[in-house]
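Participant: Now for the letters of each chain:
2 protein chains.
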Amino acid sequence: MKISALMTSAGINIGICVLLWSLYSVLRKQPAFVRVYFGRRIAEENRLLREAFILERFVPSTGWIVKALQCTEEELLAAAGLDAVAFNRMLVFSIRIFSLAAILCLFGILPVHYFGRKMHRLEISSEQLHMFTVGNVEVQSRWLWVHSIVLYIISGVACFLLYVEYGHIARLRLLHLKRATLNPGQFTVLVRGIPKTANESCSSDVDDFFTKYHASSYLFHQVVYKAGKVQKIMTGAKKACGMSGPSTDTTLDQRCKAVTYPCCLCGASSDSFQLLPTDEVAKNIDKKFWNYLQECAAAFVFFKTRYGALVASEALQTSNPTKWVTDLAPEPDDVYWSNIWLPYKQLWIRRIATVLGSLVFLVLFVVPVAFIQGLSQLDQLQKKLPFLDGLLKKPYMSQIITGYLPSVILLLFLYTVSPIMILFSTMEGPTSHSERKKSACSKVLHFYIWNVFFVSLASGAVINQLNPSSSTKDIAVRLAHVIPEQTTFFITYVLTSGWASLSSELMQLFGLIYNFIIKYVLRMKEDIAFVPTFPYHTEIPKVMLFGLLGFSCSVLAPLILPFLLVYFFLGYVVYRNQLLNVYRMRYDSGGLYWPIVHNTVIFSLVLTQVICFGVFGLKESPVAAGFTIPPIFFILSFHQYCRTRFLPLFKTFPSQDLIDLDREDQRSGRMEHIHHGLRSAYRQFPDNEDIKLEQILTVGNDEDQDEGCSSGERNGEETCKEQEPRRDLCHSTLKGLPVSRLRDSVRSIALLWTAEKRSGDRALIN
Amino acid sequence: MKISALMTSAGINIGICVLLWSLYSVLRKQPAFVRVYFGRRIAEENRLLREAFILERFVPSTGWIVKALQCTEEELLAAAGLDAVAFNRMLVFSIRIFSLAAILCLFGILPVHYFGRKMHRLEISSEQLHMFTVGNVEVQSRWLWVHSIVLYIISGVACFLLYVEYGHIARLRLLHLKRATLNPGQFTVLVRGIPKTANESCSSDVDDFFTKYHASSYLFHQVVYKAGKVQKIMTGAKKACGMSGPSTDTTLDQRCKAVTYPCCLCGASSDSFQLLPTDEVAKNIDKKFWNYLQECAAAFVFFKTRYGALVASEALQTSNPTKWVTDLAPEPDDVYWSNIWLPYKQLWIRRIATVLGSLVFLVLFVVPVAFIQGLSQLDQLQKKLPFLDGLLKKPYMSQIITGYLPSVILLLFLYTVSPIMILFSTMEGPTSHSERKKSACSKVLHFYIWNVFFVSLASGAVINQLNPSSSTKDIAVRLAHVIPEQTTFFITYVLTSGWASLSSELMQLFGLIYNFIIKYVLRMKEDIAFVPTFPYHTEIPKVMLFGLLGFSCSVLAPLILPFLLVYFFLGYVVYRNQLLNVYRMRYDSGGLYWPIVHNTVIFSLVLTQVICFGVFGLKESPVAAGFTIPPIFFILSFHQYCRTRFLPLFKTFPSQDLIDLDREDQRSGRMEHIHHGLRSAYRQFPDNEDIKLEQILTVGNDEDQDEGCSSGERNGEETCKEQEPRRDLCHSTLKGLPVSRLRDSVRSIALLWTAEKRSGDRALIN
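Residue numbers (the numbering used here), protein chains in the order written: chain A, 55 to 820; chain B, 55 to 820.
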């Protein structure tokens, strides 16, 4: 590819970027799209952002960039959680290391490459890109020491920065732990694989087990119901109700007032549900609900102290490791309810099936990638398929096809990856949303590294028809052959997949279209509860792939670095803006993405050295090749050090801190309040039915276990107030009842419950 | 190689075996060698095995075989520990699966191979071995379904047997845990990485930390001293003393009586130590000892209950994972004292250095293996080195060189492996003997699989000059090419390394020679305390390598199976005999070798399928090749299942069982006794000095922490009695003192100690 073709591609992308960014800066000021661009702030900060009509609204502006840059880490942490901070640090790390790499490589290595061979020089614009890669350096060149030194500096500084960042995230994680004092997940253990006993109910089994073996710290428990069918019915009901939900469009702070909204038949066709007035809906669902509740497969067990919960979660409970499996419970909002009742014994086979599925997908995806590579290696293709000649004779056509089309097609194919991977991760059976996303993140990352990086290289090699003698040599040499050749593709990939996709992320094209359809085509009410969470599972792999490209190409084809650097700068602005304004933090993994990032960077660094080893070997410079070996060991040793020094903090919590927290809470008397809050923290059926169930459970438990703690009435009122914000979909049913009547009904069912409970729970449940 | 060459090799080996076994059955009846052949029984069962001179002593007999076979698993467990049982199960598993494989392959597959091609048949003895391998089957043969079915049966049965065995060992491990009620390791946690504080002594740091964070279960602690120089001095002193040690040759049960043995200058030259009368030796060492004791780097912390210790050992203590690192302590006899004070921060770098070292060793070892392969491929070698012609013209010579010499040389080279690997494992810094041996075991196993199996194959392939086109194909095809070719070498390897080394193991050649030199050349007294422990780190890899050979060759070259089966039968008899009579169980890992065995078998099974995939591919039978894919996934799924079902039991202990044990001990009042025993369980300096130190520590602690528990006197007496058997090297010094004087001196030092302790421990220590 010539420089001019590259410039064509860059031009197209810069044009698209400028257009979309300007459009964004206008659209974000339009009240109609306020839900698209300020979803988080509306949902969490409850601001009214409606403004009057002024001309300024239609002039592109840059104020939002300044705002995004000015936001401190503290603010980001408060607004978007620790994961967002980890993501932000990843971008900061990339900017730092690639700024250094760009300076070193552009001023140190690029001249060595360009003047590597004595030859006739063309005008710079029609110079082949190949001129700027290591391919242009003569065999046995003495200038390879420059490459070695730059490699050493980049590896060393990258390790240093990684160390600093790892420490920083670990510190933040501990701080996060200490600050989240009212976090029910810290007191709760999720028990799975509860063995079935013939005589007693599952609930009393759990009670017996934990009073016997964890008597000193056990508080109470809450059983999870196997709710396959119930879940389906509830979802159907939710959908139906949701359409006739509250129309709190402009009045956002009317929550907690007992207002009855009329329920009307809406335009959507619904075969399975005939919509009835809300009371009947409730009754109808209620009946089915009680019919379908099945015996439990898991339970949440609550402990008196954080340390007690930690100890119970870490120990192997019985001599059969697939029974009474304990883990620290995820946060209430993080719980992935539809997986939580899965039999623990199934999980291993699900995991295998998922791995198999991902592998098959990985392999099948080679086809489109190879096809794309065929396009980018047009001159080779032309030789084999001569009928393309006519089309490709036109120079402009050829430039577009080699420079722009391949990466656009790849980008479109890649859009299918993350939904499929998240499907796989769901099948795997994680118990929390964040775990599911994290698992999808690693899957997508593996996919990107394998399919975009390696397969691109491999197919490039196949099309280039490398001489067969090299095929017996090792992989490093093969990579070394192909990397400089493939740089052009990678540069265009950075331009399209990087720059353009950042712009589309900023524009929120999908959100915009969805909003438009909902509002103007279907003429439905906007769903204020639906604010998306940040797609870490697609964005982290994307950024990490660019990091890998950057490291592996830096020394060999430094021309990629300025494009990458621009990408990271843009990404820094865009992602901060999106995290602050668009996405909502419903759950947080507590920085667990960082170890993935760390490992990927280490992998990239090692791979870079291996590739350079091959390249220097090809250039017949054994000294330079030999110099790439020590850094590999240094990097791996550094990795091992980080594993011992930081990784344990991301697997568990230090007991010292937990005990200190427990003691402080006990001293200050906050503990009772926390214990009280635990009773209503986890709710399997977050709609009306489960409120009744919850109340029943709570009152029942109160009477059973700690009578003195709180009366049913106070409890009823408090949960009603506290959990109001979450129940925004279908709460008309409950709100229709006056609070006093609600309390009466709850109390009567509670009495029934406690009476029944003593004669065995299952009688009532079935 | 021809059948006759194989028979030559087999003949030589059978001859050697018969000779050595007969020799053994005679030698074992000679009183002079009783220490060599009955080390364990003398040391542990204190039997007197001296018999009168009768002719029967010089007649070979087979009674010992019957005895070895009759011994039940219970007896083996009692005599040699759980590791021995695991080892025994490994042999049983091998016998079972290879009996089945031998029947199936010899009657099902061998005829298919032999009649695979229509050709002129020679006499069976001059038939090439190649005729019996899959190489003789025609391309696109329809008979490959026999191979597929046999493979399926072998894989399925192997997995079933593995499952049964894993479950069995896991059950035994739990039983072992429950039976070992007085096991101090269960109550003890080894703390490393204790941070240095400026003000206080390390001991009070430990005390503060555990009383603060584990107050409910913390009992007391014992500091480990950094004893680099001390250790050296002690070792020197021990050596010097040991030579003049007690001459309890015939009177084995004179222990615990206060007899003074005269100390005399012995024949060995000693530059660093001038041997003095024992009192002065003691004083001398004493002085140096106190001078060199340095501040602690680690500590043993004792807990009230097993569960308390488990909880403390599993939790991450502080926010810095390299500080206050807790692990369950090894058994007192298992502690590897010279590593225990190593700074925890060093360990990661030691681990890396060891891995690097092993890798380098692994690679360098390729040279001798390749050389050996050159010998076994003599006809190929002959073509290249024509000057060998004269030597190799003699048919008998050629048969010995191809059939016998290569594996003998390999065997000799392999003798260097295990000492080097155990050296690496020591450098790695394990805190217990069993851990060190386990780590060496995996290293040796990797080494064997890589160097004996893969490099043998690879060098065979290189010498065979495989056609270059195959080099671009994948590894399975390469293996497929070579395996049938290399079978002859593997068969001779089984004969020499297997049969002959078993015989030499039975004969205890090294022990015999050592014993002879000590007794008749150096004329020294026999060292009754020195009874070797079973070398699991060399024997397990050996047996597993034969397993790998068996699985991978079974279908392709079934002729190896009868030889292997004989090896396993012989091994079963020999190892049981040795475990019962020769080796002593000083420490026991509690069956931790089994997961290694399991993983290796799984690896072997998968590799077998991969090789068969390649072979069937070469035979252009896509159906048969396709049929090898599903078992791979099945085996890996099975492995994953075993990991979830059994592996956790080998990593930690189930808390339910521990709590039950604790409760029973508390109910029966045994707990106090156990706590009392803990005080003297771990002793860093197991000779005279440390007894004083121990007493001081114990008395001091008694007065500090639980005055009512036991008086210093009773304690003194008890430890003296209990620990007598261990102190057999240099106890003349202490024994010289009457018990009353000893007590007085201990008490006076104890008073000093407690007085000093309050003003800071270090004052006394320095």
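Read the hints as simulated data drawn from the structure, not as lab findings. Keep in mind that the hints are not guaranteed to be accurate.
Note that identical chains are pooled: a pair holds if it fits in a single copy or bridges any two copies.
Said to hold, decoys possible - Keeping only pairs whose Cα atoms sit at most 25 Å apart, straight-line, the calculated BS3-like set for lysine-lysine is:
hint	residue 1	residue 2
1	LYS232	LYS377
2	LYS358	LYS266
3	LYS250	LYS573
4	LYS573	LYS232
5	LYS705	LYS266
Participant: Can you list which hints this structure breaks, lowest number first?
Facilitator: 3 and 4
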